[in-house]
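S.K.: Here are the chains, one letter per residue:
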Amino acid sequence: MKYIGKKLIALAITLLAISFVTFFAFTIIPGDAATSIMGMDASEEQLDALREELGLNDPLIVRYGRWVKGALMLDFGTSLQYKTDVAKLIGGRLTATLGLALEAILIILILSVPLGIISSKKPNGAVDNIITVLTQFGMAVPQFFLGIMLTYVFGILLRIVNMGGYVNPAESFDGFLRFLILPAITVAIPKLSMMTKYLRDCIVAQKKQDYVRTARAKGNSEGRILTHHVLKNAIIPSITFFAMIVADVLAGSIVCEQVFAIPGVGRLLTASISNRDFPVVSAIVLYVAVVVVVMNTLADVFYRVVDPRVK
Amino acid sequence: MRKESSGKKNSRILIVGSIMVIVVLLFAVIGLFWTPYDVNGMDVLLKNKAPSFAHLFGTDNFGRDVFSRVMQGAGASFLIAISVVLFGAVTGTVIGAVTGYFGGAVDAVLMRINDALAAFPSVLIALVIIAVTGNGKYNLVLALGIAFIPSFVRVVRSEMLVQKELDYVKNLKLMKAGNFRIIFLDILPNMRTVISSSLLIGFQNAVLSEAGMSYLGLGVTPPDPSLGRMLSEAQSYIIFAPWYAIAPGITILLLTLGLGFISHGREK
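Line by line, the protein sequences give chains A and B. Here the first sequence is numbered in the numbering used here, starting from 17 and rising by one per residue. Here the second sequence is numbered in the numbering used here, starting from 724 and rising by one per residue.
Hints are computed from structural coordinates only; laboratory data are not their basis. Heads up, some of the hints might be wrong.
What the hints assert, rightly or not - Partial selection, computed: residues in chain B whose CB lies under 7 Å from chain A: (1) Leu931; (2) Leu976; (3) Leu977.
Computed from a predicted model, the values in this text were never measured in an experiment. Idealized CB from N, CA, C, for every residue including glycine.
Assemble the whole structure, with the sequences as input and the hints as a guide.
M.R.: Structural data, given as structure tokens:
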């Protein structure tokens with residue numbers, strides 16, 4: 017319990033530090049919000065009036081305080097480009113991104129665990145070598161190239177998947193999930209490869225430990241040794257690795273949403289950076305930071321619960 | 724017996740990987756000085772032509788020779804990726820080595836920050852920096868370079884913690900060698916295996932990140948060539964001119980897969 021409290025405090029400090037850096041990074045940029053809103057030909061008096069109204073003339077620290085207070089209540093101000101509430105704008109894009117991330121994570125989990133186990137069965141055997149080359153390929157292929165090629169092969173040449181574009185889940189939930197399959201595979205392949213390689217290396221390392229020899233000497237079958245001893249020990253470090261993979265899935269979906277024209281948070285981020293729409297950019301950065309930091313904290317706590325020896 | 728055969732296989736994968744990287748490097752270096760056609764030479768009559776002997780990788784929607792453009796793009800990607808890795812590696816190594824060697828409060832605080840940064844995918848950090856600085860190839864090198872620092876800090880620092888307790892370092896201290904002399908002239912050379920494997924993985928990541936950022940339109944800007952941007956342009960013509968997308972994609976893949984094979988072959 018004390019450990020969890022400590023972790024929560026560390027989490028709060030990290031998030032505060034990130035919010036601080038984000039706020040100042042986007043405040044020191046040349047060009048101010050007033051000019052972006054009023055346009056280049058507004059008079060100096062008009063600009064001043066707007067700056068006063070927006071509170072841009074207050075000291076930095078006051079503005080930071082106001083921003084954090086707003087952020088805690090999910091109020092990130094108004095988008096410069098879309099002229100709508102930033103939180104609402106992001107909220108509207110969340111469904112697509114979450115759907116994509118969940119489908120991708122599901123694919124990673126379903127495939128990496130069996131592949132890792134099969135691969136570790138006979139290190140440097142034929143099966144292991146084939147899986148190794150495949151995982152090397154998965155880690156090396158640029159995600160957008162993979163996405164473009166998958167659409168080309170399955171959508172244009174074979175016509176297996178419908179290339180009709182994004183389907184709103186409110187209209188057809190089934191269609192929404194089906195549309196996301198190719199993008200999810202695209203996001204999943206690089207991470208799936210990393211996870212498989214990591215699991216395989218963990219299991220191979222565990223199998224060399226003395227306790228495995230002891231278990232074998234006691235007459236346990238290889239299958240039992242794997243499920244009752246080796247996997248239990250190999251899963252623990254893999255959890256931390258998995259938390260990292262989840263953060264990577266979020267990053268991967270930024271590129272993937274562009275490839276498949278998915279109206280998600282990643283595409284909003286890319287567009288907002290191009291259009292210098294900073295209220296939106298800083299809000300998304302904060303959102304991603306929260307996800308990453310919370311995931312890592314959860315992994316740490318879980319690690320500790322599963323393996324109390326960990327300090 | 725088993726060990727021997729696995730050793731052979733690893734050296735084979737090392738050779739295959741090296742050949743892949745060298746082939747791309749060769750074309751990239753030649754492309755910096757000479758290309759078969761003018762990279763910007765357009766020809767309306769040659770729009771979207773399939774690969775032929777005259778145009779090995781076909782032509783694009785403006786009738787430009789894709790092979791020439793890929794050569795030049797590969798050179799640009801190579802240079803950017805090298806600069807990114809060097810920037811990240813040098814800065815990260817100095818920070819990791821110095822803080823790891825001296826320890827103390829500065830080390831503790833810096834490592835907290837570093838751990839927090841390392842948890843973020845590097846593309847995200849680079850995106851945030853690009854959002855602040857604007858795009859262009861120099862800003863891209865800076866952004867990705869900074870994003871690559873945490874991983875090098877982590878690797879070098881943890882190795883430094885091991886090395887500084889070893890006898891040879893204690894001997895040097897007894898001989899009154901200066902701390903910085905010990906760090907940079909004695910300990911760091913001993914870390915070359917660890918650092919060079921991080922350099923290889925870093926290089927692979929840098930190539931992928933550069934391509935990804937340029938694909939998003941947040942990296943290299945138009946007059947400069949880039950494989951990533953070529954792919955984003957090619958995507959609209961995939962039905963009429965699939966070679967336009969396949970050529971730069973395969974080039975990146977050849978390079979990154981080659982680098983992956985090299986680091987895998989070196990592992991054991």
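S.K.: All the hints need checking, so say for each whether the structure fits it.
M.R.: Comparing the hints with the structure gives:
1. Leu931: With Cβ-Cβ at 6 Å, under 7 Å, it holds.
2. Leu976: OK, holds: Leu976 of chain B within 7 Å of chain A, min 6 Å.
3. Leu977: violated, 9 Å
Consistency note: the structure conflicts with earlier hint 3 alone.
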